[in-house]
Amino acid sequence: MVRSRVSLALALLCMVASPAFAAKYFVYQLPDGSRVVTDRPQLHVGYKLVKSSRKMQGVGKVASTKVEFEPNLAKPYEGMINEVSQRYEVDKALVKAVIHTESYFNPRARSNKGATGLMQLMPATAHRYGIRNLRDPEQNIEAGVMHLHYLMEKYPDNLAHALAAYNAGEEAVHKYQGIPPYGETRRYVQKVLSYHEFYRDIH
24 MVRSRVSLAL
34 ALLCMVASPA
44 FAAKYFVYQL
54 PDGSRVVTDR
64 PQLHVGYKLV
74 KSSRKMQGVG
84 KVASTKVEFE
94 PNLAKPYEGM
104 INEVSQRYEV
114 DKALVKAVIH
124 TESYFNPRAR
134 SNKGATGLMQ
144 LMPATAHRYG
154 IRNLRDPEQN
164 IEAGVMHLHY
174 LMEKYPDNLA
184 HALAAYNAGE
194 EAVHKYQGIP
204 PYGETRRYVQ
214 KVLSYHEFYR
224 DIH
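Basically the working numbering = 1-based index in the sequence shown + 23.
Derived from the structure by calculation, the hints contain no laboratory data.
What you are looking at is a predicted structure, and each value in this text was computed from that prediction instead of being measured.
Take the hints with a grain of salt, since some may be wrong.
Here are the simulated distance ranges between beta carbons [stated by the list, open to error]:
| hint | residue 1 | residue 2 | range |
| --- | --- | --- | --- |
| 1 | Arg158 | Gly102 | 16 to 22 Å |
| 2 | Gly192 | Asp224 | 29 to 35 Å |
| 3 | Tyr127 | Glu106 | 19 to 25 Å |
Heads up, the beta-carbon is just placed ideally off N, CA and C, and yes, glycines get one too.
Based on the provided sequences and hints, a complete structural model is requested.
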């Protein structure tokens with residue numbers, strides 16, 4: 024019992040002494056470039072600590088600072104994206120926008136639900152298109168573009184609905200006859216559309 028109490032005391036002391044725990048406010052930058060303020064350390068993959076402070080003063084300004092898009096993120100995959108996009112007649116700028124939103128061009132990205140790779144596809148979706156290795160960037164892009172092509176044909180002239188289905192599933196879009204009232208999905212659609220415009224402008 025004494026040892027347990029000593030260990031607990033030491034652990035608490037380390038937490039107090041640690042710079043990370045000494046801070047009261049934290050500003051993290053997410054993979055999509057947006058920033059969040061929290062009073063707890065975040066260990067999520069892709070969360071980058073921008074600022075920590077014991078005072079709130081100045082934290083809001085850091086969190087609201089505009090983050091510029093990084094056009095070179097797509098460079099390692101330009102050839103793959105161009106080739107696959109042309110083959111399935113999907114706008115390459117849209118493919119880049121989806122990848123940017125889904126994984127920030129990280130081929131090793133994996134969500135807690137099991138979505139994998141650049142285009143964050145579930146294994147079942149990939150298998151539907153005959154793709155087995157989602158960790159391979161080329162196969163991942165292939166499956167993702169095929170799925171986008173399918174959704175855009177299902178929702179012709181309504182890109183927002185196609186993107187909502189990519190994020191939340193076709194059943195959700197059917198149920199609500201449009202973009203589902205999910206905060207995550209609505210933010211997702213807006214981000215992809217913003218990135219789409221950005222990538223079209225730089226071509």
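To see whether the hints hold, each was checked on the structure:
no., hint, verdict
1, Arg158 x Gly102: 16 to 22 Å, "holds, 19 Å"
2, Gly192 x Asp224: 29 to 35 Å, "holds, 30 Å"
3, Tyr127 x Glu106: 19 to 25 Å, "holds, 22 Å"
The structure meets every hint from the earlier list without exception.
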